[in-house]
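All residue numbers for the sequence shown refer to full-length UniProt numbering, where the first residue is 1 and numbers rise by one.
Hints should not be assumed to be uniformly reliable.
[To be verified] List of simulated lysine-lysine pairs, BS3-like, C-alpha gap at most 27 Å:
no.: 1; residue 1: LYS208; residue 2: LYS297
no.: 2; residue 1: LYS343; residue 2: LYS308
no.: 3; residue 1: LYS308; residue 2: LYS348
no.: 4; residue 1: LYS78; residue 2: LYS46
In short, the hints are calculated from the structure, not lab data.
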Amino acid sequence: MGTQGFLGNSYVNSYYPQHYHSNLDVGSEPSFSLRMQGWTDYDISKILTDDPTLLDEVNSSDVIRMVGNKLCTKYLLKIISSESEITRLIRLTSSLDSFQALVYIVTSEVNTRLGSRAMQNLVKLIRERPLLIEYVLGVLKPNMLAVMLNQNGSQVVQRILQLCRYTQNKSLHHIYEAAVAYCLELATTEQGVFSLKAVIESIDDPLKSYLLSIICNNALLLSGHAYGNFIVQHALERHPYTAEAICKLIRGEIFKLSMDKYGSRVVERCICSQGNNVVVSRLLSDNKQLLELAQDKFGNYVIQRALKQTKGKELPQLLEILRKSMRELENHPNGRNVYNLVKKVLAKSH
Numbered sequence: 001m002g003t004q005g006f007l008g009n010s011y012v013n014s015y016y017p018q019h020y021h022s023n024l025d026v027g028s029e030p031s032f033s034l035r036m037q038g039w040t041d042y043d044i045s046k047i048l049t050d051d052p053t054l055l056d057e058v059n060s061s062d063v064i065r066m067v068g069n070k071l072c073t074k075y076l077l078k079i080i081s082s083e084s085e086i087t088r089l090i091r092l093t094s095s096l097d098s099f100q101a102l103v104y105i106v107t108s109e110v111n112t113r114l115g116s117r118a119m120q121n122l123v124k125l126i127r128e129r130p131l132l133i134e135y136v137l138g139v140l141k142p143n144m145l146a147v148m149l150n151q152n153g154s155q156v157v158q159r160i161l162q163l164c165r166y167t168q169n170k171s172l173h174h175i176y177e178a179a180v181a182y183c184l185e186l187a188t189t190e191q192g193v194f195s196l197k198a199v200i201e202s203i204d205d206p207l208k209s210y211l212l213s214i215i216c217n218n219a220l221l222l223s224g225h226a227y228g229n230f231i232v233q234h235a236l237e238r239h240p241y242t243a244e245a246i247c248k249l250i251r252g253e254i255f256k257l258s259m260d261k262y263g264s265r266v267v268e269r270c271i272c273s274q275g276n277n278v279v280v281s282r283l284l285s286d287n288k289q290l291l292e293l294a295q296d297k298f299g300n301y302v303i304q305r306a307l308k309q310t311k312g313k314e315l316p317q318l319l320e321i322l323r324k325s326m327r328e329l330e331n332h333p334n335g336r337n338v339y340n341l342v343k344k345v346l347a348k349s350h
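Could you put the whole structure together from the sequences, leaning on the hints where they help?
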């Protein structure tokens, strides 16, 4: 298997029938292991040159023979990952035995680029067959987290959700369960965020609400995280009803978050949300820290956002606090941004 594949020998031995992985490569000559399995020179030539016509001649027992052989695995992945070979793929999946063998081969390499493309093609072919979709996800289940955290694997998860969410929603429970069980791990990794977003947008209530509640309850932790902040912003933007809970939870740390590269993005998003008054009232509660924010390299953007989004009685209060420190702001490299905006807002109000 490729070095990026996620399934080790322990998984193979415990999960899959022994005859599916007993044909290990031996010898130094590339074709030696193929000869040991009984492949003819004619067959070997086609395998080594990636000739897809061999698949027109093999039966299900031949496909099973290919499992566990590196050369055969590479050959099959190249064929399956090609859009032009869909007819041959249909033939290979017509037999349950050969389908199961193909699933084993593809899932063993799903975290590689080639394996990812092959799996996406396979899922596209069987998207209208819930039992087969569930079988594939059942094989992936023991390592679902590793798949969702991997760049290539995450693309597979997103593709499955895209293709099957409306027709096979019930078959996707393995993905949904993993998202709930490992929500924070997914939310704090680069590829995990993409997987988690895809799940949130495909899942139905009550699981969707439950998943969002996990994000809301951990908003303070996630907001200051390099990747976690994106999932909090996603919840605020796509699911506005989460705003009040998130804003109330982070209210006590608004000043600290506003001076943080990642946290300031979440605070800005909160100011643009239904929880605006929760955040702005906190900013108005401490004049000294408010002025510090106005001069901070990240915080000044939060104050600018508040000046643009705040309505009602809070806006005059905010302007009055900042107006008293205009000279200090004007002479500060970061504060000058706030100074210019305050002047503009004041000019419009007169």
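Verification of the supplied hints:
1. LYS208 with LYS297: 36 Å, violated
2. LYS343 with LYS308: 13 Å, holds
3. LYS308 with LYS348: Measuring from Cα to Cα gives roughly 12 Å; hence the hint holds.
4. LYS78 with LYS46: It holds: about 13 Å lies between the C-alpha atoms, which stays within 27 Å.
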